[in-house]
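Participant: Remember, this note's numbering sits 27 above the position in the sequence shown when you count from 1.
Hints were generated in silico from the structure; no laboratory data involved.
Take these hints with a grain of salt, some might be off.
[To be verified] Label-pair restraints from in silico Cβ distances: (1) 43 - 132: 19 to 29 Å; (2) 290 - 102: 32 to 42 Å; (3) 43 - 133: 24 to 34 Å; (4) 306 - 184: 34 to 44 Å; (5) 225 - 77: 12 to 22 Å; (6) 290 - 270: 32 to 42 Å.
Don't be surprised by glycine CBs; every beta carbon is placed ideally from N, CA and C.
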Amino acid sequence: MGISQYIKEIGRGQRGARPLDRTQATDLMAQVLDGTVTDLELGGFCLAMRIKGETPDEMAGFLDAAQARMTQLPASERPVVVLPSYNGARRLPVLTPLLALLLAQRGLPVLIHGSATEDSRVTVPQVLGALDRAPLAAIRSIAAGEVAYAPLELISPGLKRLLDARRVLGLRNSGHSMVKLMNPSAGAAVIVSSYTHREYAESMSAVFQLRESTALLLRGTEGEAVADARRLPQMDGFIRGRHLVLELGQKGTLTDLPDLPRDIDAHSTAAYIRDVLAERRPVPLSMAQQVEHILRLAEAA
28 MGISQYIKEI GRGQRGARPL DRTQATDLMA QVLDGTVTDL ELGGFCLAMR IKGETPDEMA
88 GFLDAAQARM TQLPASERPV VVLPSYNGAR RLPVLTPLLA LLLAQRGLPV LIHGSATEDS
148 RVTVPQVLGA LDRAPLAAIR SIAAGEVAYA PLELISPGLK RLLDARRVLG LRNSGHSMVK
208 LMNPSAGAAV IVSSYTHREY AESMSAVFQL RESTALLLRG TEGEAVADAR RLPQMDGFIR
268 GRHLVLELGQ KGTLTDLPDL PRDIDAHSTA AYIRDVLAER RPVPLSMAQQ VEHILRLAEA
328 A
């Protein structure tokens with residue numbers, strides 16, 4: 028079915044729009060990612076879904092289409108930990124590289140994938156650059172104990188184009204949710220994902236269950252999938268779609284706060300990360316717990 032027919036279904040407003048089933052959603056997203064739609068049709072799709080919101084079945088279908096078209100990492104001996112990074116730092120240091128390196132120290136291969144969506148933020152590639160780690164030039168397998176950063180365009184040029192529509196429309200679209208839920212690995216993986224508002228936790232949980240994913244889900248830090256160093260959030264796990272609560276979390280601020288860098292620029296953040304890895308500073312409690320829970324999921328993946 029052509030995209031115009033789908034837009035008629037999803038574009039009737041929040042109350043009048045009709046949800047698509049998983050097969051229809053797969054077909055719709057396939058057209059978007061294959062680039063067979065016009066810029067006007069792409070804008071109509073983005074705005075219609077922004078107003079309506081995706082159902083779990085629709086998001087599962089979108090991800091089915093994306094996975095069929097992406098360049099996936101070859102399977103590794105151990106499950107790959109997948110860390111999406113599409114926000115960066117605004118007020119707090121971006122510690123996604125620290126989480127990745129702590130996991131690599133424990134012998135896991137770690138893939139960070141991302142794309143800059145806001146020019147004003149400090150990004151993970153900038154921090155990794157300050158740590159003398161260059162991004163991948165092509166998709167390849169990741170060794171145990173290795174951290175690699177893959178720009179989204181290496182994995183899915185179509186999904187990169189969908190995210191870039193935000194720069195024209197000024198609004199996030201379905202692609203921004205897809206990148207937090209997708210698995211770019213051809214083998215076993217643990218997807219580490221985050222939400223900003225509690226209502227998103229329910230829909231994201233439903234998608235992980237529908238797609239039988241192994242994943243960790245928590246309230247992140249400024250959109251990054253890292254436990255806030257000042258708090259201990261609830262952490263939910265999924266083992267091939269089966270849900271379990273890994274961490275109940277604590278309300279309020281922790282009593283023993285970490286000594287985070289005051290400046291959030293890439294070099295200050297990299298210096299802090301080096302100090303933690305060298306044990307000159309302690310690992311923040313919430314991040315240490317997150318590492319242990321990810322290891323548990325990797326053993327079960």
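Participant: Now tell me if each hint is right for this structure.
Facilitator: Consistency of the hints with the structure:
{"no.": "1", "hint": "43 - 132: 19 to 29 Å", "verdict": "violated (52 Å)"}
{"no.": "2", "hint": "290 - 102: 32 to 42 Å", "verdict": "holds (40 Å)"}
{"no.": "3", "hint": "43 - 133: 24 to 34 Å", "verdict": "violated (50 Å)"}
{"no.": "4", "hint": "306 - 184: 34 to 44 Å", "verdict": "holds (41 Å)"}
{"no.": "5", "hint": "225 - 77: 12 to 22 Å", "verdict": "holds (20 Å)"}
{"no.": "6", "hint": "290 - 270: 32 to 42 Å", "verdict": "holds (39 Å)"}
Hints 1 and 3, counting from the list given before, are not met by this structure.
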